[in-house]
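Whole structure, please, built from the sequences with the hints as guidance.
Chains as they are written, first to last, in this note's numbering: chain D, 1 to 335; chain U, 1 to 335.
Warning: the hint list may mix true and false statements.
Put simply, identical chains are the same to the list, so a pair is met inside one copy or across any two.
Capping the alpha-carbon separation at 25 Å, the derived lysine-lysine pairs in PhoX-like fashion look like this [said to hold, decoys possible]: (1) K226 - K307; (2) K314 - K226; (3) K98 - K219; (4) K323 - K307; (5) K334 - K152; (6) K125 - K219.
Simulated from the structure, these hints should not be mistaken for laboratory data.
There are 2 protein chains.
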Amino acid sequence: MLPRRLLCLAALVAVTLVAASLTGQPAGADPLPSWNDGPAKKALLDFVARVTKQGGPDFVPVPERVATFDNDGTLWCEHPVYFEVVFSFDRVKALADKNPDWKTKQPYKGILEGDYKAALAAGEKAIFGVIAATHAGMTPTEFDGVVRDWLKVARHPRFKRPYTDLVYQPQLELLAYLRANGFKTFIVSGGEAGFMRAWADGVYGIPPEQTVGSRIGLKYELRDGKPLLERMPTLDFIDDGPGKPVGIGRFIGRRPILAFGNSDGDYEMLQYTTTGTGPRLGLIVHHTDAEREYAYDRDTHVGKLDKALTEAPKAGWVVVDMKKEWKTIFPPEKP
Amino acid sequence: MLPRRLLCLAALVAVTLVAASLTGQPAGADPLPSWNDGPAKKALLDFVARVTKQGGPDFVPVPERVATFDNDGTLWCEHPVYFEVVFSFDRVKALADKNPDWKTKQPYKGILEGDYKAALAAGEKAIFGVIAATHAGMTPTEFDGVVRDWLKVARHPRFKRPYTDLVYQPQLELLAYLRANGFKTFIVSGGEAGFMRAWADGVYGIPPEQTVGSRIGLKYELRDGKPLLERMPTLDFIDDGPGKPVGIGRFIGRRPILAFGNSDGDYEMLQYTTTGTGPRLGLIVHHTDAEREYAYDRDTHVGKLDKALTEAPKAGWVVVDMKKEWKTIFPPEKP
Numbered sequence: 001m002l003p004r005r006l007l008c009l010a011a012l013v014a015v016t017l018v019a020a021s022l023t024g025q026p027a028g029a030d031p032l033p034s035w036n037d038g039p040a041k042k043a044l045l046d047f048v049a050r051v052t053k054q055g056g057p058d059f060v061p062v063p064e065r066v067a068t069f070d071n072d073g074t075l076w077c078e079h080p081v082y083f084e085v086v087f088s089f090d091r092v093k094a095l096a097d098k099n100p101d102w103k104t105k106q107p108y109k110g111i112l113e114g115d116y117k118a119a120l121a122a123g124e125k126a127i128f129g130v131i132a133a134t135h136a137g138m139t140p141t142e143f144d145g146v147v148r149d150w151l152k153v154a155r156h157p158r159f160k161r162p163y164t165d166l167v168y169q170p171q172l173e174l175l176a177y178l179r180a181n182g183f184k185t186f187i188v189s190g191g192e193a194g195f196m197r198a199w200a201d202g203v204y205g206i207p208p209e210q211t212v213g214s215r216i217g218l219k220y221e222l223r224d225g226k227p228l229l230e231r232m233p234t235l236d237f238i239d240d241g242p243g244k245p246v247g248i249g250r251f252i253g254r255r256p257i258l259a260f261g262n263s264d265g266d267y268e269m270l271q272y273t274t275t276g277t278g279p280r281l282g283l284i285v286h287h288t289d290a291e292r293e294y295a296y297d298r299d300t301h302v303g304k305l306d307k308a309l310t311e312a313p314k315a316g317w318v319v320v321d322m323k324k325e326w327k328t329i330f331p332p333e334k335p
Numbered sequence: 001m002l003p004r005r006l007l008c009l010a011a012l013v014a015v016t017l018v019a020a021s022l023t024g025q026p027a028g029a030d031p032l033p034s035w036n037d038g039p040a041k042k043a044l045l046d047f048v049a050r051v052t053k054q055g056g057p058d059f060v061p062v063p064e065r066v067a068t069f070d071n072d073g074t075l076w077c078e079h080p081v082y083f084e085v086v087f088s089f090d091r092v093k094a095l096a097d098k099n100p101d102w103k104t105k106q107p108y109k110g111i112l113e114g115d116y117k118a119a120l121a122a123g124e125k126a127i128f129g130v131i132a133a134t135h136a137g138m139t140p141t142e143f144d145g146v147v148r149d150w151l152k153v154a155r156h157p158r159f160k161r162p163y164t165d166l167v168y169q170p171q172l173e174l175l176a177y178l179r180a181n182g183f184k185t186f187i188v189s190g191g192e193a194g195f196m197r198a199w200a201d202g203v204y205g206i207p208p209e210q211t212v213g214s215r216i217g218l219k220y221e222l223r224d225g226k227p228l229l230e231r232m233p234t235l236d237f238i239d240d241g242p243g244k245p246v247g248i249g250r251f252i253g254r255r256p257i258l259a260f261g262n263s264d265g266d267y268e269m270l271q272y273t274t275t276g277t278g279p280r281l282g283l284i285v286h287h288t289d290a291e292r293e294y295a296y297d298r299d300t301h302v303g304k305l306d307k308a309l310t311e312a313p314k315a316g317w318v319v320v321d322m323k324k325e326w327k328t329i330f331p332p333e334k335p
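In structure tokens, the structure reads:
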């Protein structure tokens with residue numbers, strides 16, 4: 001038996017150790033150092049304090065602390081064009097020899113000739129077709145490898161950095177802070193789930209089973225007698241707009257208490273989240289920083305933010321002014 | 001600063017406290033007391049020891065410790081008929097006044113008249129139609145309430161107990177044991193996800209986001225200006241047979257290392273799980289206990305186990321003889 005005082009001390013140490021291991025930092029440190037002291041940071045700290053205050057009026061039990069994040073433009077950069085579209089176009093080039101008909105068929109022809117205007121003129125549905133075609137024909141594990149190989153060599157045209165370097169440092173801190181406070185963090189994105197799952201765990205700490213996205217077909221079959229899943233070139237589900245609450249209902253089965261988006265594609269997710277009962281928080285990244293990142297909202301094709309920006313004050317959504325509220329944008333370059 | 005010896009002691013205590021809080025029991029206690037000392041218990045203990053042995057040849061990192069369980073006949077009883085079918089039939093009776101055409105239309109007519117033979121003669125597709133119709137027309141939260149209200153009053157015809165009492169005590173212990181060893185436990189069942197999510201968390205400790213099942217439609221809409229999800233009477237996905245690996249790929253995005261089933265509907269899940277590389281374990285509940293539960297395998301319509309039973313020895317799947325290997329079947333009745 002340990003003497004009582006020693007036991008007591010040990011317990012205190014244990015609690016401190018556990019707390020430190022959960023938050024990864026000493027007590028009292030700023031959990032969001034890349035956020036300036038502005039209204040967004042205050043809203044986040046206040047909200048987390050309220051929902052975690054045992055016995056408080058806004059206390060939320062741990063299992064219900066569900067936070068959903070859009071990906072493109074919310075967790076990582078999306079300009080000048082969605083990174084997954086860049087990946088798809090690079091795949092078209094890589095697979096062109098195996099698909100000779102692409103040379104004469106839009107949008108493939110435009111992609112292969114670098115005439116993106118002609119390619120995009122084929123319409124959104126045709127572009128989704130390109131995404132489905134370039135993401136299929138292999139197992140999820142094989143596709144993981146293709147995406148990771150691409151990430152090793154592909155570089156952003158302006159920042160000259162790997163695309164996975166262009167995640168937002170303030171959001172990495174927020175994800176860790178929420179998890180340290182008992183939240184389960186999910187991606188709910190229009191991006192194809194398999195594309196994100198290839199790297200989201202390593203970059204955001206969000207595992208595949210918490211990454212909800214658009215879906216291509218999936219088929220169980222035998223290849224040379226070996227059972228496997230085959231990714232099929234059909235678009236099964238678009239996890240965007242009203243599809244986001246549906247994706248949340250299907251995969252998570254709980255209404256989030258916090259949702260973070262950046263475009264009108266997140267409107268319904270924000271609406272669904274913040275009209276539930278009890279404490280709720282909706283947030284929008286507003287891209288206002290042409291110097292360090294990009295400045296766009298109502299007048300863009302990539303990440304258009306119009307209706308949700310108009311609605312934000314009425315709905316109580318916190319608009320995060322990137323230029324003012326984020327001390328840093330991207331993590332430092334790895335040496 | 002604490003003296004070094006004290007710190008060391010404190011750390012030891014901390015580790016012990018954390019370990020105890022994870023397993024919920026003192027070190028050394030039998031984690032599977034309702035399992036007799038037979039081949040199945042040995043296989044489970046050996047497997048968990050191997051995959052958790054840091055530095056060992058079969059070590060599996062925590063995030064990859066995914067275990068999937070069928071529900072009907074694997075985690076809870078499924079005879080004389082799937083409990084969800086009983087629920088659906090009870091719902092048909094409860095909703096009959098609102099659907100006057102059901103009185104003359106099979107399979108509804110048979111259900112209302114207690115002529116189940118006539119109802120079942122309408123075929124499997126018609127029965128799935130009944131499930132879809134009786135599970136829809138409301139929000140997931142409203143449906144949760146309907147299921148929970150039903151569970152309060154419905155009683156199993158033979159055991160005269162609430163259906164959620166008829167879960168398998170050995171499996172409750174196994175789920176807890178796996179989780180204490182870093183596994184994430186998932187349900188992967190032919191049952192409709194919403195039906196299971198209403199009670200699986202409370203009964204098994206498996207949260208909604210880890211409950212994968214068949215799916216009816218889901219639609220985001222406004223009802224009296226209030227945004228909500230509406231459950232639709234369409235069957236979107238059947239999570240059974242080859243659908244199980246597909247459900248796993250979609251929702252979990254990792255190949256499980258342990259799968260537990262009891263019927264041919266689990267064949268592909270067992271096959272997909274155990275043909276992956278590294279340590280794998282497939283298990284089958286074999287219902288051999290007519291006295292304490294039921295005895296059936298090849299010759300039954302509910303939970304038919306034929307092909308998977310034949311294949312088990314070759315595939316290395318552990319067949320759990322319920323009569324021999326389970327000390328108790330159901331948890332004790334609540335006073």
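Comparing the hints with the structure gives:
For a Cα distance limit of 25 Å, the shortest separation of K226 from K307 across copies, 18 Å, qualifies, whereas the shortest one inside one copy, 49 Å, does not. For a Cα distance limit of 25 Å, the shortest separation of K314 from K226 across copies, 15 Å, qualifies, whereas the shortest one inside one copy, 56 Å, does not. In this homomeric assembly, K98 and K219 come within 25 Å of each other (Cα to Cα) only inside a single copy, at 22 Å, whereas the closest approach across copies is 39 Å. In this homomeric assembly, K323 and K307 come within 25 Å of each other (Cα to Cα) only inside a single copy, at 21 Å, whereas the closest approach across copies is 63 Å.
In this assembly of identical chains, the alpha carbons of K334 and K152 lie at most 25 Å apart only when taken from the same copy (13 Å versus 58 Å across copies). Proximity of K125 and K219 under a CA criterion of 25 Å is satisfied in both settings, with 23 Å inside one chain copy and 21 Å between copies.
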